[in-house]
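Peer 1: Okay, here's what each chain looks like letter by letter:
4 protein chains.
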Amino acid sequence: MEKIKVGVLGATGSVGQRFIQLLENHPFFTVTHLAASEKSAGKTYGEVMKSRWKISSDIPAYAKDIVITLPKPTATKGVQLVFSGLDSSIAGEVEAEYAQNDVIVISNSKNHRMDPHVPLMSAEVNSEHLEVLKSQKTSGKIITNSNCTIMGVTISLKPLHDKYGIESVMLFSMQAISGAGYPGVPTMDILGNVVPYISGEEDKAEIEPQKCLGTVENGQIKSASFAISAHCNRVPVFDGHTVCVSVKFKKKPSKEEILKTWKEFSGEPQKLDLPLAPKQPIVYREEDDRPQPRLDLDTGRGMATVVGRLREDSILDWKWVVLSHNTIRGAAGAAVLNAELLYKKGLIPS
Amino acid sequence: MEKIKVGVLGATGSVGQRFIQLLENHPFFTVTHLAASEKSAGKTYGEVMKSRWKISSDIPAYAKDIVITLPKPTATKGVQLVFSGLDSSIAGEVEAEYAQNDVIVISNSKNHRMDPHVPLMSAEVNSEHLEVLKSQKTSGKIITNSNCTIMGVTISLKPLHDKYGIESVMLFSMQAISGAGYPGVPTMDILGNVVPYISGEEDKAEIEPQKCLGTVENGQIKSASFAISAHCNRVPVFDGHTVCVSVKFKKKPSKEEILKTWKEFSGEPQKLDLPLAPKQPIVYREEDDRPQPRLDLDTGRGMATVVGRLREDSILDWKWVVLSHNTIRGAAGAAVLNAELLYKKGLIPS
Amino acid sequence: MEKIKVGVLGATGSVGQRFIQLLENHPFFTVTHLAASEKSAGKTYGEVMKSRWKISSDIPAYAKDIVITLPKPTATKGVQLVFSGLDSSIAGEVEAEYAQNDVIVISNSKNHRMDPHVPLMSAEVNSEHLEVLKSQKTSGKIITNSNCTIMGVTISLKPLHDKYGIESVMLFSMQAISGAGYPGVPTMDILGNVVPYISGEEDKAEIEPQKCLGTVENGQIKSASFAISAHCNRVPVFDGHTVCVSVKFKKKPSKEEILKTWKEFSGEPQKLDLPLAPKQPIVYREEDDRPQPRLDLDTGRGMATVVGRLREDSILDWKWVVLSHNTIRGAAGAAVLNAELLYKKGLIPS
Amino acid sequence: MEKIKVGVLGATGSVGQRFIQLLENHPFFTVTHLAASEKSAGKTYGEVMKSRWKISSDIPAYAKDIVITLPKPTATKGVQLVFSGLDSSIAGEVEAEYAQNDVIVISNSKNHRMDPHVPLMSAEVNSEHLEVLKSQKTSGKIITNSNCTIMGVTISLKPLHDKYGIESVMLFSMQAISGAGYPGVPTMDILGNVVPYISGEEDKAEIEPQKCLGTVENGQIKSASFAISAHCNRVPVFDGHTVCVSVKFKKKPSKEEILKTWKEFSGEPQKLDLPLAPKQPIVYREEDDRPQPRLDLDTGRGMATVVGRLREDSILDWKWVVLSHNTIRGAAGAAVLNAELLYKKGLIPS
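Chains as they are written, first to last, in UniProt numbering: chain A, 1 to 350; chain B, 1 to 350; chain C, 1 to 350; chain D, 1 to 350.
Note that these hints are calculated values from the structure, not bench results. Take these hints with a grain of salt, some might be off.
[Claimed, not checked] Estimated spans, in silico, between C-beta atoms of each pair:
| id | chain 1 | residue 1 | chain 2 | residue 2 | range |
| --- | --- | --- | --- | --- | --- |
| 1 | B | N25 | C | L70 | 38 to 44 Å |
| 2 | D | Y62 | B | S56 | 54 to 60 Å |
| 3 | D | P27 | A | S51 | 45 to 51 Å |
[Stated by the list, open to error] Stretches of chain A that chain D covers, calculated by requiring three or more beta carbons in the stretch to come under 8 Å of a beta carbon on chain D:
| id | segment |
| --- | --- |
| 4 | 169-182 |
| 5 | 190-199 |
[To be verified] Sample of chain A residues lacking proximity to chain B, with all beta carbon distances greater than 10 Å (derived):
| id | residue |
| --- | --- |
| 6 | D87 |
| 7 | Y164 |
| 8 | V216 |
| 9 | A224 |
| 10 | K252 |
| 11 | P275 |
| 12 | S350 |
Glycine included, every Cβ here is placed at the ideal spot set by N, Cα and C.
Given the sequences, and given the hints that come with them, work out the whole structure.
Peer 2: Shown next, in the form of structure tokens:
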């Protein structure tokens with residue numbers, strides 16, 4: 001079976017680098033084009049990234065010799081699908097242009113996330129939202145994934161919401177610096193420090209989970225109706241967002257019911273045995289002091305959601321801690337998983 | 001006026017070191033005795049602390065030549081008051097023994113905190129709780145201060161509680177490593193990491209503020225009746241606990257009312273112009289991204305509570321961020337301020 | 001071919017954990033015994049290590065159910081070889097006792113390192129030193145590996161010493177906190193700080209490379225005769241020792257000669273294709289700012305020595321930077337490689 | 001006596017911020033002008049710096065309302081002296097222009113440092129170099145201070161060079177991130193990491209100390225003739241450069257002679273009792289593991305050089321560790337001290 005030809009838009013950024021890493025030797029996709037800004041266009045990826053590659057393994061050989069183009073459909077002719085890690089300042093238009101030119105756009109950017117015709121997808125959570133693709137008027141389609149901060153939170157909520165109904169969620173994040181890209185956070189701001197503010201983050205965290213857990217009605221996604229309050233913080237951690245959540249349910253489950261629900265949770269990626277799917281989407285740690293970024297980040301090759309410290313909440317019902325890898329599960333990995341799902345469901349036209 | 005002779009119990013620990021620093025050239029108190037465990041007893045403080053002094057200024061000259069004793073009233077004869085930074089494994093008994101021997105005990109340990117006859121005092125917040133000292137049956141009296149985590153939170157709640165009534169509080173802490181003492185947290189556990197658990201901390205955080213904000217009834221302190229839910233986390237910050245709080249009020253104030261209430265808040269330490277009292281107990285920062293440990297920790301010489309990011313909460317009423325210096329305002333400084341208050345109110349018998 | 005039955009002494013420590021990780025599914029060795037101190041003896045490894053396992057992957061399944069014994073030959077009956085990560089306070093005697101009881105001891109401890117009858121071995125560097133095993137009077141034999149700090153340095157010097165003769169070496173290390181074990185370095189000592197001192201480290205660094213690069217004479221190892229001056233420093237890095245070296249040669253090579261020598265360097269582990277041998281023992285990075293722990297630590301699965309910044313020295317001849325993984329190449333990995341070499345050379349009696 | 005009117009060029013940068021802090025309530029100088037780039041010009045300092053002030057105390061009140069100008073003599077009319085923390089891309093020309101317009105320039109930039117007519121001054125070390133000011137042809141004069149990395153090293157060498165003659169110096173630095181300014185080092189590059197390279201730093205470190213320790217001959221400064229080899233490294237420390245040095249002398253002193261020489265060392269700033277002069281320019285710490293940034297940085301209010309670990313070197317003669325505060329003693333503080341010296345010596349024309 002021939003592989004799908006794909007491009008990576010925003011290939012030099014943090015998320016772009018993860019795309020390139022995760023797509024190395026991918027069974028479904030072959031990267032033929034890498035696109036970035038004018039500064040990089042015309043040079044090989046290896047040349048441009050020599051001092052900018054920030055993942056602790058070498059640049060994959062396949063990518064080194066690809067000559068970077070601009071992120072335009074005319075410049076990346078032949079690709080059937082693009083992964084977009086573009087900056088939100090340009091992602092909206094560029095992605096729309098690709099969709100208008102028959103290309104599937106798997107986007108990690110925020111621009112189209114809240115469009116009711118665009119799935120805000122986490123493949124285990126809401127693959128049924130793909131139905132709304134039909135209502136997109138372009139020949140290509142846009143699929144987004146949620147913000148890194150709420151990715152793991154939403155996964156931990158999904159099976160509980162289905163059974164018990166979420167009524168409200170307080171969430172407090174401690175977010176890794178890689179979430180701000182490169183150069184991103186200046187060391188003088190975060191070394192031995194915490195910053196209780198991340199521009200725009202709380203806004204996203206308070207609306208995206210409801211869309212992920214929403215329903216399809218008349219070809220549009222209708223967000224679930226619970227309330228979220230978010231406190232977002234930056235901490236001196238390299239990768240891995242840790243989120244403390246307190247949750248009120250419509251019908252309060254027991255501790256055993258919650259643990260059993262998480263343990264048994266499995267989605268379409270697991271059923272279809274997608275290449276990047278973690279075997280166990282939600283891994284619960286029994287230890288008092290887990291999850292922790294340093295010890296649990298690589299669970300399921302960075303694709304699992306690690307949960308711990310389930311205990312009663314004296315104001316809402318239950319509270320727990322969620323960890324997910326912000327540049328893998330929370331960004332590039334989630335996007336690749338979405339693309340794998342489309343592929344297996346035959347939704348990528350050839 | 002002659003100075004009060006005081007001792008420091010647990011003088012070699014983190015809190016003990018801060019006591020020694022804060023008591024240098026103190027106008028009311030003169031340190032005559034330093035007590036610690038058997039390992040240190042019999043040696044001079046300077047000798048013992050050569051490689052254990054962890055504050056970035058030299059050991060005060062006055063302390064260097066004091067020969068350390070055991071923490072027993074018979075070993076520290078002549079002291080009228082002791083500051084206790086003892087480990088909780090022994091603080092309960094030792095402090096009681098001092099109180100039985102006519103000595104005022106200003107304790108930072110948790111052992112007697114929840115005794116309804118013992119003030120859990122933050123001098124700006126509840127100096128009227130000193131009234132219950134009369135109900136203590138010993139000749140000496142015990143006064144405690146609250147846990148470092150909730151110190152600033154309680155101060156930020158106090159004037160609002162008085163006017164608007166607290167109904168519930170969600171709190172989420174990011175706590176400095178100095179809170180665990182020395183050697184305390186192993187570097188392997190926290191470098192580039194966060195640990196979403198601190199043993200015993202959430203239990204304390206969920207009951208101490210209510211006692212601080214309680215009322216005196218029949219010679220006992222009766223805790224206020226609101227609910228608290230706490231998530232406590234350790235982060236790689238040296239000094240300074242940052243706490244995100246969401247609060248529901250009995251009567252919801254406006255943003256302006258809250259800011260005005262904080263600005264105008266002042267307590268007995270300010271009225272009596274106590275040496276360690278911050279001029280402004282609550283300092284509100286207007287910037288989007290404050291307070292931060294690195295930039296705001298020294299506000300009011302580490303004795304002020306720094307607040308920022310006041311904004312509406314979509315589940316409770318309001319949310320904000322509180323920073324206080326955990327080993328100064330949250331421990332030794334709060335204790336010294338309590339002692340200063342006793343002194344000025346004539347409650348230290350000579 | 002049947003696997004060699006091995007034990008790990010000091011199995012609960014940092015080096016012990018690495019042994020257990022590296023020996024999972026090993027083609028030559030099967031771990032039958034784990035030994036540690038009295039506190040742990042009698043319990044299963046999984047039980048003891050629940051909150052002490054500090055590697056970011058789970059405890060290997062094979063180890064979890066092994067019941068820990070004391071480190072005594074009578075307690076670990078049946079093992080043909082032991083890997084020792086014992087604390088130096090007891091390693092000397094315990095290892096000797098094993099050697100007297102027919103067991104091969106592969107030790108990472110310092111106690112026997114400077115004994116002229118004991119190889120101080122880095123398998124690529126001085127496998128010919130195994131010859132002195134014959135002169136050990138015990139039925140079992142002891143083989144040690146060098147200190148983590150000088151491991152990579154010695155490898156980078158080896159092929160140059162052979163061709164050009166080392167005359168003197170200045171070395172300045174920036175050492176990771178994992179080198180001090182667990183709990184090891186208190187966070188209060190190293191967060192946002194450097195400590196220009198590591199007890200005993202400079203002494204070892206100034207004599208071990210000469211023994212590694214020495215010759216066998218009359219059944220004993222005679223150290224090479226060049227001088228070393230070492231400055232050893234602790235820095236807030238998790239894993240990976242970075243060492244700056246300045247070197248004077250007997251016959252000064254050109255830059256090209258040095259680079260070519262490193263590139264072509266290969267030792268017996270590569271010839272014998274040992275399981276843990278890195279394909280390229282010395283990897284030179286051309287970038288200005290490499291090697292760095294974060295980016296280069298996993299080169300050759302942590303078994304390669306990464307070198308960079310080769311440039312002329314205005315006082316000695318040449319200077320460069322060396323990085324090696326202190327708990328893999330500098331400790332457990334070097335030891336396992338030594339054991340693999342013995343195995344392939346038929347030096348482990350069955 | 002009227003205060004000298006001064007300006008700060010590059011007032012918004014890291015060094016500029018320190019200037020503004022150190023000049024608050026200065027007995028000799030009053031800041032009348034602050035200059036920065038076009039982005040800031042025309043706005044008040046308080047407005048521009050709201051989110052860019054990175055020192056952990058508030059912006060001094062005096063500076064908040066000063067309207068920033070461009071760094072041009074016509075824009076800062078009336079100043080008799082400027083402190084320059086300008087970026088080297090423009091410092092050369094701007095400083096020369098000021099000197100041509102009767103203004104004394106106290107520069108922290110590198111541009112004019114190696115000009116034989118310009119003192120590269122550390123006030124305790126080479127105040128006699130002021131003699132070459134006469135040979136500068138402009139009406140204003142330029143005085144520079146050395147690079148932060150070698151500031152403390154040079155001070156520790158100065159009295160030894162005078163008595164015993166330096167023959168060669170190996171130096172190895174571990175430099176704080178504040179040395180790179182703001183935003184400076186991206187967190188992704190340095191968190192839990194070290195970078196063994198700082199662009200241009202080794203070049204400066206290998207020539208500046210010799211100029212500082214040089215002699216005036218025919219109205220020019222002639223550098224001392226010893227050799228230096230430098231390894232410069234970036235570490236995750238906020239403030240404070242730690243440097244390990246190994247030194248060969250023309251005539252090897254004893255340990256006691258070195259310690260005595262350091263203890264007795266005192267320069268013109270001490271004789272003239274300059275406001276910013278540390279009482280003891282060189283402070284030796286006896287502890288095994290000092291100096292350390294966290295514990296020793298504030299010695300002499302950041303103006304002292306802290307030395308420790310003096311021991312014999314097996315290749316050169318002696319080795320030790322030097323710490324100095326890179327943005328105070330190594331930059332703004334050194335510059336202000338130079339200006340204070342000029343003032344007291346009557347070298348600032350009114």
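Peer 1: State for each hint whether it applies.
Peer 2: Hint check:
1. N25/B <-> L70/C: 38 to 44 Å: violated (56 Å)
2. Y62/D <-> S56/B: 54 to 60 Å: For S56/B against Y62/D, whose Cβ atoms are near 27 Å apart, the range 54 to 60 Å is violated.
3. P27/D <-> S51/A: 45 to 51 Å: holds (47 Å)
4. 169-182: With 3 residues closer than 8 Å to chain D, the segment 169-182 of chain A meets the three-residue bar; holds.
5. 190-199: That given contact holds, which follows from 3 residues of the segment 190-199 of chain A lying within Cβ reach (below 8 Å) of chain D.
6. D87: holds (21 Å)
7. Y164: At roughly 18 Å from the nearest Cβ of chain B, Y164/A sits farther out than 10 Å, so the non-interface label holds.
8. V216: holds (25 Å)
9. A224: holds (14 Å)
10. K252: holds (15 Å)
11. P275: holds (29 Å)
12. S350: Per Cβ check, S350/A is outside 10 Å of chain B; nearest 44 Å; holds.
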